[in-house]
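Visitor: The chain contents come next:
Protein chains: 2
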Amino acid sequence: MADAPKANAVVGQSGGPTGVINSSLVGVIEEARRHPEIEHLYGAVHAVNGIVNEQFVDLDVISSDILESVASSPSAALGSSRDKPDKEYCERLLKVFQRRNIHYFFYIGGNDSANTAHIINEMADDINYDLRAFHIPKTVDNDLLVTDHCPGYGTAAIFVANALTGDDLDNRSLPGIKIDVIMGRDAGFLTAASALGRQRDDDGPHLIYVPERAVTIDRFVADVEDVYKRLGRCVIAVSEGIKDSDGELWAKKLAENAEVDAHGNVQLSGTGALADFLSTQVKSKLGVKRVRADTFGYLQRSFAGLQSTVDAYEARCCGNNAVKYALEYTSGSVAMKRTGNGDDYAIEYFRTELCNVAEHTKSLPDEFINSEGNNVTAEFIKYASPLTGALAKTEFLGDRPRI
Amino acid sequence: MADAPKANAVVGQSGGPTGVINSSLVGVIEEARRHPEIEHLYGAVHAVNGIVNEQFVDLDVISSDILESVASSPSAALGSSRDKPDKEYCERLLKVFQRRNIHYFFYIGGNDSANTAHIINEMADDINYDLRAFHIPKTVDNDLLVTDHCPGYGTAAIFVANALTGDDLDNRSLPGIKIDVIMGRDAGFLTAASALGRQRDDDGPHLIYVPERAVTIDRFVADVEDVYKRLGRCVIAVSEGIKDSDGELWAKKLAENAEVDAHGNVQLSGTGALADFLSTQVKSKLGVKRVRADTFGYLQRSFAGLQSTVDAYEARCCGNNAVKYALEYTSGSVAMKRTGNGDDYAIEYFRTELCNVAEHTKSLPDEFINSEGNNVTAEFIKYASPLTGALAKTEFLGDRPRI
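Residue numbers (our numbering), protein chains in the order written: chain A, 76 to 478; chain B, 76 to 478.
No wet-lab data here; the hints were simulated from the structure.
Check each hint, because a few of them may be wrong.
Identical copies go unnamed one by one, so any copy, or any two together, can satisfy a pair.
As the list claims (entries may be wrong) - Keeping only pairs whose Cα atoms sit at most 25 Å apart, straight-line, the calculated PhoX-like set for lysine-lysine is:
id, residue 1, residue 2
1, K457, K328
2, K162, K399
3, K468, K457
4, K327, K159
5, K364, K159
6, K327, K364
7, K328, K162
8, K437, K327
9, K399, K412
10, K358, K159
11, K358, K327
12, K457, K437
13, K358, K399
14, K81, K170
15, K364, K457
16, K159, K437
Construct all of the structure, not just a fragment, from the sequences and the given hints.
Guide: Written out as structure tokens, the structure is:
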């Protein structure tokens, strides 16, 4: 293949932000500075939208102090976009690349972003334009194919785990039924992370429902009743993407005017409707007075001042590696392979083809879900624990022997 | 007055838990161990409910390692209660005190708890029983009288500030209108804390609504429209206790079956109804597509692994001081006086009469609210900043000059 061109590069951040998407951005910026093949690095403001409209900021001039502050900031520092480029949109992108002598395209995002990079790369091939299009994975959902896990997941998992640790203690303190609705349209990884903070045998969440297992409202209420009878309280983690036995989203059944985005997805986050519905069902069917429901919403992906050290480091390395791969290959997505676990947890980075990551998503594997479909297994805990690092240790005194 | 009796003591935690109510508990435990007048310290499980039912745990045997872990745990480690004792209930409490030779009663809670301590203390006086009843303030609402601020507020304020810092960056990244509903039935202190993370001139929250200022839905929507036209986005912090111009709670107007607790209060937290109502109003009246609303719910008071260092320290000192005061006086509530601000921030602890704290609550002072009633003032920031300590610094690159 041809030598890496001496040319300009552009980096963009797409889709829902995460707590470490900016670490990946900084990984790209710092690595690009190490290679004279990359003359200038442009930041695309609001992703592909910023490219077609030529809204670029100069990333060559950002000091390392500010870069470190960017790396620890949640959300997408360049701005993001939900645009899903079609062929005509991609043609416009390519024209801008040609006009600005951009031969390196780094796109941090989910599977849709990998797909966008893939389409543009193929179009560039068709006209013999040497474009190096690289996708850097990010998603709190942890649902990308090939990679062991996704940057963004570990940080969101800490938020969810700490939230449930605290909420379970709150529920011990003032017993009742508590329902927490957690992000995750199709994949239950983030909802499963609610289990990571459990320390005592009877710690909640006592029930965990993920999109991978359908549940009827009757079964849901019966499960809650079982736990409530046994413990006098019950904490439940529910994915916003849970489905009824007919395969339809609970959230969709509830939404009178369900909002649909450019990708054809129903709005799930940013509304408390599902939580309130479940709460009302449990309250009326079980006759328990103290039933509460919270929807964690956008805090899960954007809470400031909270990063998984491992996650932030890996996100940055993914950014570094995208640039390194771009000097050797014409396209790809950065992926991670786990080479150890527990105390020996370690990661190797590798390149995979864009088409391996584009479009499709990964679900929570069967071995991570219990046979009843209402909790996670020890295998899941073993898989996810290294991604958050140690979590807050807590104590509860109220269950000690009476004197 | 009489010398401090050599007798047993009981400590309880009442009402909604906070992130540092356990620091106050540990403050009581460690200080009690220093004074031979206190023979045994009992922990009342689920507050007054645990006293009348004689559900006590032995706090003399808890190791210091575990105590430190208790101090950093959110929620009430002894369990809490929403019971509001009447005279007959208080008589039962007093009987248990007599039977167990309990002459020291430490009660960590809000103004209702101060009132309970006050009632029991007067009843003990009536029968010449030397009871030392002390209230230790706690509330995320920061609404107790006399004290400069309340333990529990600084930690909840960090949660709210970090949430808004992140949410505002998220909203910069994917512009639209974002509404965040924050705890606070009558006092707007916690909602006001949403402003503490602002760093740039155009950082959100751009509008802040507190229970102290009524707002009509039309005014609310008009305010949002103004900001949206100016910035192309808008982040709004709304107290769950906001009221319409007729003085009625918005949340009450919405709730078909508003749940009322033992204190006659309508349930506000643990439901997304207010957020969803405001979101629908804004969406339909302004025709803006991307409108989202989150209700922070119980996370604000129970999130694990997050404490304000200042708040945790002060909470512990309040516990220490309650014990010290009990050796000198027969009743009181621990209060804090600010003796410096900014870099010179310092606190002195003092004793105030229970009746000064019982029943009534404090509102956000006028000088902390702007004249339009839709934001906080610089005076508020000056007041509240020392209570959280330094917050996460963030960067956004997308508003830099274009190249």
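Visitor: A separate judgement is required for each hint: does it hold in the structure or not?
Guide: Quick rundown of the hints versus the structure:
| no. | hint | result |
| --- | --- | --- |
| 1 | K457 - K328 | neither (35 Å within a copy, 48 Å between copies) |
| 2 | K162 - K399 | neither (28 Å within a copy, 75 Å between copies) |
| 3 | K468 - K457 | within (18 Å within a copy, 33 Å between copies) |
| 4 | K327 - K159 | within (22 Å within a copy, 41 Å between copies) |
| 5 | K364 - K159 | between (46 Å within a copy, 17 Å between copies) |
| 6 | K327 - K364 | between (27 Å within a copy, 18 Å between copies) |
| 7 | K328 - K162 | neither (34 Å within a copy, 50 Å between copies) |
| 8 | K437 - K327 | within (22 Å within a copy, 43 Å between copies) |
| 9 | K399 - K412 | within (17 Å within a copy, 58 Å between copies) |
| 10 | K358 - K159 | between (41 Å within a copy, 23 Å between copies) |
| 11 | K358 - K327 | both (21 Å within a copy, 19 Å between copies) |
| 12 | K457 - K437 | within (18 Å within a copy, 48 Å between copies) |
| 13 | K358 - K399 | neither (56 Å within a copy, 45 Å between copies) |
| 14 | K81 - K170 | within (18 Å within a copy, 87 Å between copies) |
| 15 | K364 - K457 | neither (37 Å within a copy, 41 Å between copies) |
| 16 | K159 - K437 | within (20 Å within a copy, 51 Å between copies) |
Checked against the numbered hints above, the structure breaks hints 1, 2, 7, 13, 15 and satisfies the rest.
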